[in-house]
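Both chains are given apart, each in its own frame, so use the hints to dock them into the complex.
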Amino acid sequence: MDNSISSGLEPYDGPWEVPEVKHFLKRTMFGAKPNDINYFQNRSFQQSLQEVIRINNNSVGAPINTYSEKEIDPDVAYGATWVNAPFSNRFKFDRMWTSIHWWTNRLIHQDRSITEKMILFWHNHFGVANTGSQDPRTNYRYINTLHVNALGNFKKMIKDITVDPLMLNFLNGFQNEARAPDENYARELMELFTLGKGPESKYTEEDVKAAARVLTGFQFDYNRGSADFFSSRHDIGDKTFSSFFGNKTIKAFGGNEDWPTEIFGMIDMIFEKEEVSKFLCRKFYRFFVNYDITDEIEQQVILPLAQIFRNNNYEILPVMNALFGSKHFFDSENTGSMIKSPIDFYIGMIREMEPDLPSDMRIYSYFMEDSRKLLFYLQQHLPDPPNVAGWPAYYQNPIYGRSWINSETLKTRASYVEAFLDKNAKPRYTSVILDLIKYAGKIEGVEDPNQLINKVLERMFSLKPSQEYKNHLKKILLSNQENDYYWTNAWLDYKSKPDDENYKNIVEIRLRQFFKSIMHIEEYNLH
Amino acid sequence: MKRRSFLTKTALGLASPLVSNAFGGSTKLSSILSSAISTVDLANDHVLVLIQLAGGNDGLNTILPLETFGNLWAARNSIIVPDDRFLVSKLSKRIAFHPAIEGLKNMFDDSKLRIVNSVGYPNPDFSHFKSTDIWMSGSNSNETLLTGWLGRYLSDEYSNYPNNYPNVNFPDPPAIVTTSVLPFLLQGESSNFGEVVINPSNNYQLYDNKLPFISSGKAAKELEFLRQSGSLSNQYSSKLFENSSKVSQQKPYPDTGLGSQLKNIANLIAGGVKTKIYIASMSGFDTHANQVDRAEPWKGTHANLLRELSEAIVAFQTDLKFLGVSKRVIGATFSEFGRRVGSNASLGSDHGAAAPMIIFGEQALGGVAGDNPMIEQYANPNTNVPMQFDFRSVFSSLLKDWFCVNQNTLEKVFMKNFQYIPLVANLDCLGITGNEEVDENDNLVNIYRPDINSGTQKILSSETTLTDGNRLMAYPNSFHKTLKLEFESEGGHCILQIFNSLGQQIAVVNEGNFQRGYYKAVFDGQDLPDSLYYVRFQNKSFQKVLNVVKASR
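Protein sequences appear in the order of chains A and B.
The first sequence: position 121 = 121 (the working numbering), numbered continuously.
The second sequence: position 553 = 553 (the working numbering), numbered continuously.
Just chain B, with the same shape it has in the complex (with noise of 0.2 Å):
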């Protein structure tokens, strides 16, 4: 069985012409062009995932800068990676990576992850609102804007958004936000643009009260916003979990906060969501005490926030590749503001300026942007990474390069020209990249996930006889997290489904041809809410379906 691409080749049709116009075209021309352009840009089928460090991350214990190495441990030697430790790219020799986030360097080493150096903004602001806000917004550090830079570019593309949404040519959310609090980056004029899905498989419709009370003023606006949101939720919900429940299998990610997050945004891009802009968001980041452990400062609290970063890209990479949609997805990680080059009194660092971007994914350009920050002799604890890139030029050269956002646009999402730092490998962004044939063998490989650390099916025999009583068995039941699932096939076609209480098929573990044997799969209900589930396994003409619990609270 293969995996077949499933967008639909039109968009494509459609853009080249328009493109090779437009870019040579006059002015006039140009604007009448650029709302056409708009929509072809949205034609394209790719997608970036900003994943949000909140509290402000230490760059420099992040990437370490090699060349003035002797003078960062002078200044931070309670809480530095000590140079045993530490790990050196192939790639690199001037860089070298924290040793919890092995997994970001082998990307780095493919070439599947580039190093943007040094990124920040003019007079850094040490106040994590204030330093949060010009991030999200795009202002420069003394000005306050209400719409976020994201929002601003959306407003573009979806113009008149809420209203009419959604529509034939905009089925899904402008943006998709897996932690519960909207980002101010979404925010528009009149309205955010994300649509918050903590479960795809949550479809829980909301009453609608085709009787409205009588408001007026600010009541009403309150209550036309409430009714908004609960009108986008029911609409993008169904279709949502519709479309997430087409895929049955992901490959493993590590069980944290992060790693769900980018194992839901897979499943949705997998299942053919259009929304092409996903925010997750870890936080923790605000290590002023205790962030490394003080024997092995290789270690502590800043080191598992990172383990935690690096553990989630590499498992989203890889099943992104596994699904067959990794040439369409690219990340990049950001947050308010980096820290300080010397270590405090407490093993932490205060809030600092510049710091590290990671951009990553099968397109990314790899390797390094800029020049690694120079640390002085005897910096003292004020003493700060100053600025190389401007964050904004990093957006912006990430919506022109992944999006073809014209130059135009982004002048009037980023309020000026900001440099242009290239990020991806192909640049050939308009147009649609599609779906990867996806090997038929790495399909069957893991399509059992038996148990989540060997990877292959297990046969414990292939002379069982056959009681219809125990050719399908389900336990724990009630189960937790992960269900296991034991069957047996006769030989020929199996199917093993499940189904939420509502009847409705919510994943195939598996389907195929199954020589005659008993068979293990691992099933991953952890994302679904409490509730009964039945399981269904079909050999042939026999079948039989298990009620079991889900009960995590």
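Excised from the complex, chain A in its bound form (with noise of 0.2 Å):
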């Protein structure tokens, strides 16, 4: 069989039917959701590309206040935004830990779009540690940089980056000043935002010292939160730069609201640089589509894919539509080829299992900072890429999202799932349980075991089951007898009456024996 991959760019004309839809949803969002696989199985695909390829630009809410148990938060109720109140040491950790909440709520809760996990793209992309904040304003601020430049103009998203506070914290733009500038931000602008460190990608050290000069003069505003610019503290001499950009030279200026000139020219000059686009393509393509960039790849979707960013002046719009919109993004190479993230993995199981979550804010909180803890224990904590190039599943040659997997990353991924599905399980981990019954009973022809078993695996997984793994979750349904109709009676009888406990914890039993199968098993990784 010839596994190499033919398609390129071209639009995807093939079918629209469940593997499909759920290939698209679960590349583009965090799992697919049995609605949602629904939803879109109505419309056409080039409906759906348009529906899921935009940012959600509904209100998305704001940190809260949910730390005040103990002690009040003189300016924040309970419940109430902190985003417009002042600073405060004393709640600041408080305050910074709510937003990452906010963040993880806004991941299981996604809209139908690609809004979030385009998001969690530039996150990594940028790989700034929030945790590290000074002030929570800027953790809240730097994620919603980061959603309205989500699908808009990666120029832009640069020059905004490049003056946000958060990142200025992260990489030292506010120790950055003409008598001693730091090289920080300078590097990674080049080497891990832009241009990347490819052999096509030749600035030089001289080219990052340059740069830092550029960016000498930020300050932290305390009151307000924000990034000021001191004239005082800019290198007014004239900046020039490597033949890699032309011999360019950036002139220097006078005044305070003078800087954008000179900081927005020297990125422009770096935009010049084609490897920009192909830099970008590349990380588009191994975070959404596989890690695996053969020459074959790189010449029909890469190269093509740069050539549509440079077109569009770099908007990122027209890249995401011509990319899932391929052919080569629906290639049978491409499904089920990618190894979970542990966002995938846990989101996209609270999501797709859709467990009644607590309507209680407090207990909602609570759940937030176990999921938050979660991430964590799997080597994704959502707020802190491990550092500044995102996580290594992105970009460490030649293992790439392989990384995610070990011995122990492995034993916390069962384990959770064990802890989800049994509320016998040790350690807990959370208090949500996954309602089994509740998720099968939505199964048209659940009392049915083939249809059940049809319906679930063709939801959940990219590959495709042998007929030997349906028997063997079959007989678990039919506890080894050879009837169908023992489980039929059995899932009747609980219709019949659902407040039997005799009734539902045969149902249950079995659905726990089922579920545990399917997501302990190793293909439930891959998506």
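Treat the hints as calculated values from the structure; they're not laboratory data.
Among these hints, one or two may not hold up.
To be verified - In silico contact screen, one side only, chain B against chain A (beta carbon under 8 Å); selected entries: (1) V196; (2) S229; (3) N344; (4) T383.
These numbers come from a predicted model, not from an experiment.
Just so it is clear, CB atoms sit at the ideal spot from N, CA and C, and this is done for glycine as well.
In structure tokens form, the structure reads like this:
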């Protein structure tokens, strides 16, 4: 069988059934909810593409005070947002953590769009450790910066992020001043954010130093939580770049208001290099499609995509439309080919299985804190990529996505599944339990074990199960008996008397075994 | 009760004749013998522990060169340790130690620690990621390799890994990593040779789907990788758990990330695990800003990092000695680069070039390799410490002297012949060092570890009435990290054990003949998963079991 990829960016015109819808949703969102699969199956591919590849501009709310149970925050009532309140040293960390809870909640309750996954892409791209923040207002602002630019213009996004207070704090921008330039941001701007370190990216150490000088002058304003520019801290000499940038000189200027001319001028200079578009398209591809970029894919997918990026003056939306609308994206070689990131694994599980979540605000905030910790132990702590290059899954050649997996993380994934499926499992991790009867009850024809097995597997897996595995699942439902009616009767008994504990237990025990098998197998880690 | 050497001596008998032949052999003969030698290499019982200091450790704030201290002072006066604070060694008046690493200085004074000056590579790269890749892959500065140097070495030893591993000859992982991500260092052509072990007693057995889904192409490869990882995890975990459970006592460690990593490593080595390479790691060394306290520059972020490093290594050494395995273990630190000579305006230092490496252990050579970096006058913030030794020289010398790797293999691993640097005291690396006989008294004094500070047993009274209900106490219950235990002996043989909820013994806190009296002990359970455990006490015919709960999260 020939596994090589023959398709490129030509528009996808194949079938639009559960396998395709699911592949599309799993890669653009976190997990494919049963309802969402139905919803898009009833629309055309083009309609679906249009609906998903857009930025949700609906209000996503703002982080709120769920921290003042023991000590009242005089500026913010319990349940109210703190984003407009004055800075509080006392509640700095409490607020910062609730900004993470707010973010985690957004992942779980995402609408039918790529928004949250796109924000995560950019968060990985910029690698900012949120917990190193000096002021939680800057965390909120950072996420908004990623949100508003997520499918906008990449050049504008780089300009925004360069002067974003959380980024300035993270990469020592506030310590970068004329008499002792700090190169931290300047280096990553070129190496990680725009040009990359590929063979064609030939900027020099002197370019890094010159860029650091261009960027001198910002200080943090503790009152407003903003970044202010002071020309007195700025390097007022001209900055000349290497031949890679055509020996361009960025002219110095005078006043406090003129910094954009110099800084944005330098960013425009960087964006004249084609390498920016190629570097970014490779990153898009590795994040959304597959880490393995063969020469063929470089030629047929990456370079044409980079061309689209440049033709559209670095607008991101046309690139995403071309990528997700392509034959290549739906190539069978790509489905089920990615190891789920911890966020795909955990948030995907919660979204696909739809357990009842706590309705009480206080208890819900505990669930958010549990979720934050679970992701931390799975090695994808949402607020803090391990370093400024992001998570190794998206840059560490040659293992990439395999870096999520080792003995420890496999055990952790398995013990979470255990905890969410079985209220008697130890350790508990969280009070949320997947309601398997409720989940199964929504499946049409659930009383037929074949139907139940096929529907669940079709929804949850990108790979095709073997007949032997289906038989194995059926044995679980039938308790090793032969006839389908053992399950059918068990289900119908339960439906006739839902309050009968005995009937309920019979169904629940079998479903738990059934889902334990499904969610513990190696295949569940792929999408 | 004497602790016995438990390693078999068969490998030693095999080693000697082959080696004497091999070194003098013809090319043809030596190529035939090289595979045999590889087997012998692994048959020595030496262990190498590498500690990665991620972020770029400020070498000039770790080991200070004294000949040009005045120039160094001028270049980084805002962050430098003043001369009334740094520690000068008895052995060398040319270097000083940061006060936070007094423990390492003491090891240096005892010739248990060697400093290799100014280690780097030609054409330094100042990117963390590129430079880390260079150190881990062993590449030149301008090239990219897709395997790690340890991965290449291990490919030679563990042919065809991971197919048909573990097996009788190789029951344990080729390398153990004590933080959650497998380093590139261990990457081989087709797989990574590392197994992550955060907690040796976590023997969770993963499902193994005997009826795999239908897959092809890229998905099939990822699935195969997942299945292989799961299968190795199941097999290795059981074995590691079994071995680590054999070690009931360890010396105390600082309650730090590196402390617990090294503690687990000592546990596994002493438990008889055959793994020869361990990778531990600490991060936070990227000290661009506020690496020191302004008012007291010998304190602050960098000092805290150095203290964590030093205290963990010292505890590790003490423990290895206590466990009788110290002669089998050598450790080395490395970092992707040092930092600039000059400080920046943020009380920090920027990405630099060469920096010292530390080689430690009972069999480390001691002393200093190379000259101190010469700091020029008027050093500016862009001045770097030039390289004196290539890091590949250090690592290839370690492989040569510690694992007896032959020259052919070294050149295969490092792509060329790097300069040899003496690092190991006892060059008789072939053969079995064996575990040391542990002094019974030393064992007795430490076995109770009643409270971590005093280190001795406390007898409250020898006249206590023996009421059965009070003869065993365990508190606090639930416990967070350590569980305090009290028991009463009527005299004679006592055993105090900890079992997990499956009833498997995970520790023997105390065993031996105890005079009539009341005893206290501490059980360190910080590495155990949260769960129900049982404490069992037996004294002659009396026995009692208590339920205790560990709850740390």
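Taking the hints in turn, this is what the structure says about them:
1. V196: holds, 4 Å
2. S229: holds, 5 Å
3. N344: Holds: closest Cβ of chain A sits about 5 Å from N344(B), inside 8 Å.
4. T383: At about 13 Å, which exceeds the 8 Å cut-off, the nearest Cβ of chain A leaves the hint on T383(B) violated.
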